[in-house]
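In the order they appear, the protein sequences are chains A and B.
Note that my numbering has the first sequence beginning at 1, numbered continuously upward.
Note that my numbering has the second sequence beginning at 294, numbered continuously upward.
Read the hints as simulated data drawn from the structure, not as lab findings.
If you're wondering where the values come from, they're calculated on a predicted model, not measured in any experiment.
Each statement offered as a hint is correct.
Heads up, simulated SDA-like pairs for lysine to any residue below, C-alpha to C-alpha not over 25 Å straight-line:
1. 301/B to 193/A
2. 390/B to 461/B
3. 301/B to 197/A
4. 463/B to 8/A
5. 41/A to 61/A
6. 41/A to 423/B
7. 98/A to 319/B
8. 390/B to 10/A
9. 301/B to 211/A
10. 5/A to 395/B
11. 390/B to 20/A
12. 242/A to 520/B
13. 301/B to 188/A
14. 301/B to 95/A
15. 39/A to 422/B
16. 5/A to 478/B
17. 390/B to 452/B
18. 98/A to 314/B
19. 301/B to 207/A
20. 39/A to 418/B
21. 98/A to 111/A
22. 5/A to 459/B
23. 53/A to 33/A
24. 5/A to 460/B
25. 242/A to 526/B
26. 301/B to 186/A
27. 5/A to 470/B
28. 301/B to 104/A
29. 301/B to 190/A
30. 426/B to 18/A
31. 390/B to 16/A
32. 5/A to 458/B
33. 98/A to 201/A
34. 390/B to 377/B
35. 390/B to 285/A
36. 301/B to 313/B
37. 301/B to 212/A
38. 53/A to 66/A
39. 301/B to 94/A
40. 41/A to 261/A
So the chains spell out like this:
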Amino acid sequence: MFKNKDRYLSIILISPSILAVLIFVYVFIGWSIRVSLSKWKGLLPDYTWAGFKNYLALFSDPRFAVDVRNTLIFTGVFVIGSIFLGFLMAVMLDQGLKGEGFFRSLFLFPMAISYIVTGVVWRWLMNPATGTRTSGLNLLFTTFHLDFLVNQWYTTPKWGMAAIALAAIWQMSGYTMALYLAGLRSIPIELREAARIDGASEIQIYRRIILPLLTPVSLSALIILGHMSLKVFDLIIAMAGKQLPLDVPSIYMWQTTFDGLFYSRGAAISILLLISVAVLIIPYIRYTLREEE
Amino acid sequence: MRIKALRKNWLYVPLIALAIFYLLPMYVMLVTGFKSFAEINLQTMWNLPHGLSLDNFIEAFSKLAPSLRNSFVMVIPATLISSMLGSLNGFVLAKWKFRGADIIFPFILFGMFIPYQSIIIPLVQFMNAAGIKGLAGLAMAHIIYGIPITTLTFRNYYASLPQELLEAAKIDGADMLGVYWHILLPISIPSFVVVLIWQFTSAWNDFLFAVVLTGNNDWPITVALNNMAGSQIISWNVQMAGSLLAALPTLLVYIFLGRYFLRGLLAGSLKG
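Extracted from the complex, chain B is given alone in its bound form:
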């Protein structure tokens, strides 16, 4: 057994090599971000900073602050509403086997895999015709195209609950909404966390919808960062600091709630 344990320890070599590979971009973002402007040089990009300067972050933040705010303004309602809708839909689809429920469900699911290019022309036409502009339109798109995954997650969770739980509540005289409100909702907090994180991450990270539905006054962070990176005036060090700012909210969510993030991930491949 001893020898075996020793042999196992060799696995740390490839694991640490891989860890370095995964951390390289983070390393560059961090060391570049904390360098002073005087230290910035592409040829010394791997060197550690001499001191801790916030030059790059201040510069990046001054450019990106409005779009960070736009992202929050759009993402928060989008996340909350699509999660709530998903919970209601999941409840109905899991607990009430009406004729056609089995047909409707795969049709909803397909909606989460489509390339959004295939609906983007009508979407823009529709938003223009309906007069829904900017962040409101973007939030609406995230709510609607989020329905498939949120519905799926909740349906699977509610379907896994024992039927007796609901029967007991019915005997106590609760109607359907009562059952949902008093029994299902309190125990679906973990599923809510999974779905909220998932929706927050995908709406925050989205680029395609954002770039068609918003203009330069209401760009969310992904669009603003991409434009920053494409511009010749803003140097790479500020881009690195900006990237870190753009990644920070979802990264923090991941660091603190990673377990739930993983569950959302598996649900998204229909494996949750």
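With the rest of the complex left out, here is chain A:
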């Protein structure tokens, strides 16, 4: 629609950004891949070819196996919890109650806070100390005679990750609620009215009509939350520091690279992380853009 002069201008306007993304995303990913195929260990770069040695080492590495297991626990608890809670909150807030805006803002505010703040506060709420030193949520449970709820939180053997996921649910369920609420609002009211006239109960309306119509929203939530849980890092660092029972690939990568200076191995972990995210995200981007047309 514009003249030639404008075409050149357009190119000039967007090329710095495109170049920056090209270099800082794609060239850097390529560079990381190259590092992962090298023998670089120590402060000085060493690009001696090592083939897939770093990857093979990870596949037989017990710590990496712990990481995969922890990521699965975290993802399971976090994704299911956030979707369930988010959906529930959205449905409740969609009933036209007074004070809806207040509750909506309240459920969403943790999104504005950093994982570090969330982690620092929840670390004290989930204080696992026992006996006279009991505090945090455990203290609250004892006070209200809910002793069966008292637990060791993130220090629970094997399942500590689930406690971290609880803090993540606190932070992210409001976001899922917002996604579902936007979805619910886009369903024409006539559809529900018609079903009601046909004698469907409220529960039937949700199960047969609304839930199927919300499938795309659920899918988005699943993918966005899923990819977030693969990347989880700050929250664990702030809640529990770097400790083996709560290790995940992003922390393993961190320690290997910056504490252990084993750059090539760290790069290999990061590339595996990238691949797992890409498997979720690339089809999602394609699907969303195709839908747009």
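Given chain A, put chain B in place with the hints provided.
For chain B alone, coordinates are given in the frame of chain A:
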């Protein structure tokens, strides 16, 4: 209908229970923050303070003030520049369908989902080689990795505008930059608010880039707070007050501009 309304009112029970769950951490941060040092005891952490003391906040602020300043110094230019770039990119991508535009866009988008661990080794090497240090490097990282989301938000907004608006301006003799400057920019203020808030929040809350790109003289608030929490010397009450200080700027933005915050959130999941 009456009965139905009554039944609906029962929903307040779970809603209020959930509200308590969401407010618990805020409650602990606030009551702990306002207690005097003498009152601090983990076993009475749920009790209300006896008076309003600012001990904890003063102590936390004296430790965190430099890093709060660092955060502002880094976040403000990062936010402004990446928003401006996003607006220009969004304009070009929405209004000028050049060959390859459809290919370039998803490639830009992918950049906002990658785990940054996968670029962090080259990023550190690059910054060292280029001699870009500390906060400048951190701001640069936020600008560049912010381009995907800012571009996306503006592109979607500009694409939704009627083509006639631009045609009319062209007939009046405006060139491309004229159209952008005189027509699009004034009406994109709401999108700017969305993007500015989003970028401000994510740059302020970032930890990963901050911890690799800055040293102890220019730590932003997230890194300083995390180190405070990890130290054995600083007690938990000061950590709580520090957490509140660290959360305050983004929290205030959320309280006053929550509507725009939500729109940014939905855009970030490609649903805006």
